[in-house]
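Chemist: Here the protein sequences line up with chains A and B, keeping their order. Position 144 of the first sequence, counting from 1, maps to 144 under full-length UniProt numbering, and the rest follow consecutively. Position 81 of the second sequence, counting from 1, maps to 81 under full-length UniProt numbering, and the rest follow consecutively.
Derived from the structure by calculation, the hints contain no laboratory data. Built from N, CA and C at the ideal position, the CB exists for glycine as well. Hints may contain errors.
[What the hints assert, rightly or not] Quick list of in silico lysine to any residue cross-link-like pairs, SDA-like style, CA-CA up to 20 Å: (1) K135(A) <-> A61(A); (2) K135(A) <-> L206(B); (3) K213(B) <-> E119(A); (4) K33(A) <-> V198(B); (5) K134(A) <-> V198(B); (6) K213(B) <-> I23(A); (7) K213(B) <-> K90(A); (8) K213(B) <-> P34(A); (9) K33(A) <-> F19(A); (10) K90(A) <-> P140(A); (11) K213(B) <-> P32(A); (12) K135(A) <-> E203(B).
[Stated by the list, open to error] Simulated restraints, written as ranges between beta carbons of each label pair: (13) T3(A) <-> T14(B): 55 to 61 Å; (14) L104(A) <-> R160(B): 32 to 38 Å; (15) C102(A) <-> A152(B): 31 to 37 Å; (16) Q128(A) <-> G56(B): 29 to 35 Å; (17) V13(A) <-> R65(B): 32 to 38 Å.
[Said to hold, decoys possible] Facing chain A, from chain B, some residues (calculated, C-beta under 10 Å): (18) Y22; (19) T32; (20) A36; (21) V102; (22) G108; (23) I122; (24) D126; (25) Y128; (26) P130; (27) I174; (28) A176; (29) M212.
Each chain is listed here by its residues.
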Amino acid sequence: MGTFTGSFKGFGVTFAHMFRKVITTDYPFSPPKPAPRYHGRHILNRHPDGLEKCIGCELCAWACPADAIYVEGGDNTDEQRFSPGERYAKIYQINYARCIFCGLCIEACPTRSLTMSNEYELARDSRQDLIFTKKELLAPLLPGMEQPPHPMLLGETDKDYYVGALTNPGTSVGAERAPISQGDAE
Amino acid sequence: MGIEEKLPAGILLTSVEKLSNYARKSSFWGATFGLACCAIEMMASGGPHYDLGRWGMEVFRASPRQADLMIVAGRVSQKMAPVVRQIYDQMPEPRSVISMGVCASSGGMFNNYAIVQGVDHIIPVDVYLPGCPPRPEMLIDAILKMREKVMAQPLGPNGRKMLEARQAEGRTPIVAPGAMPSSYRVDKVRREEWTQAVKEGREEQLRIENWMKLQPHLREAHK
Chain A
1 MGTFTGSFKG
11 FGVTFAHMFR
21 KVITTDYPFS
31 PPKPAPRYHG
41 RHILNRHPDG
51 LEKCIGCELC
61 AWACPADAIY
71 VEGGDNTDEQ
81 RFSPGERYAK
91 IYQINYARCI
101 FCGLCIEACP
111 TRSLTMSNEY
121 ELARDSRQDL
131 IFTKKELLAP
141 LLPGMEQPPH
151 PMLLGETDKD
161 YYVGALTNPG
171 TSVGAERAPI
181 SQGDAE
Chain B
1 MGIEEKLPAG
11 ILLTSVEKLS
21 NYARKSSFWG
31 ATFGLACCAI
41 EMMASGGPHY
51 DLGRWGMEVF
61 RASPRQADLM
71 IVAGRVSQKM
81 APVVRQIYDQ
91 MPEPRSVISM
101 GVCASSGGMF
111 NNYAIVQGVD
121 HIIPVDVYLP
131 GCPPRPEMLI
141 DAILKMREKV
151 MAQPLGPNGR
161 KMLEARQAEG
171 RTPIVAPGAM
181 PSSYRVDKVR
191 REEWTQAVKE
201 GREEQLRIEN
211 WMKLQPHLRE
221 AHK
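Next comes chain A alone, as it looks inside the complex:
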């Protein structure tokens, strides 16, 4: 008799779990919000007038422990201007089949051109598609931005872009000094 009731006690434990809260995340239907500094896919940012922040210095490529970044710089001219300074990135590629999302590249970036988003759904069915070029990486044009190449609109020289940057940081992801209204930070 004791063994009979004992087995029901055991099932009772299982049955009690029917009324507990489910801990399973509902991933594809309600994707979880990663931590604000989660290392996701990269973004190449823009200045507030649409010029690219990247100056093609290749520091990110040098910092990369997995050799996932390939940069080829080009010279800006007055007719063909992509970034405020002398140089811009003619070719910019990140190979996501190599990238380990360590974030050393964004630490190395001197202009805060390269930052990371929290996007992580990156699986593809060919290795070729995993190589992101400027087409995939560049931030979208927000209102007030113009598609480069175009002349510098925010000042006479490239100094105006960097010296005044703290008061006019732009709206890109790298513009971390932009004012945050109180109570907005979640």
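Since the structure of chain A is already known, use the hints to place chain B on it.
Modeler: The following block gives chain B in isolation, referenced to the frame of chain A:
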């Protein structure tokens, strides 16, 4: 693939194709096969918090002969390569392979003599999943993309011929099977958004845009 390849030509198998693909994708049985740190994330995906059981595949088979999905989780050393190949050969067809993590996909940061530079040097890979290691959501995303690809797979020689004919006529879906992120595919509004973006060739920009809208310090620009 398997026995369906032996079917005589001339029988149209579209409905059978759908049924067989549906049966295949509804319950993948993965081979228990972890090589490195990615395997920890793979185990986490099978556990109750992420729960692959929602797609009928929480059980990882210990024998490759009862598995039809191989998740290569971790870096493949030169010494391990023949073992990987043998396990793959032992799996019954039709089978699929997910290369999980950057090491399996391309060697990752281990660009040296000891590591195979991408598991596709030894076995055919269906889905490449970057990340070091990928979080369980990324693995689930890759599996859902794999399911979508399986659903679009042709059955038998006739099925392949029909697929080639469709491709030659350009009657292919706008978004290729397995190309849309899962969180977009399950939401009707976002699915439309993505399809539209693919037509314009700006789907990656759409992703950045949608992410920026969620950031408090960037929200001002979108108002």
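Chemist: Looking back at the hints listed earlier, which ones does the structure fail to meet?
Modeler: 4, 6, 7, 9, 14, 18, 19, 20, 23, 27
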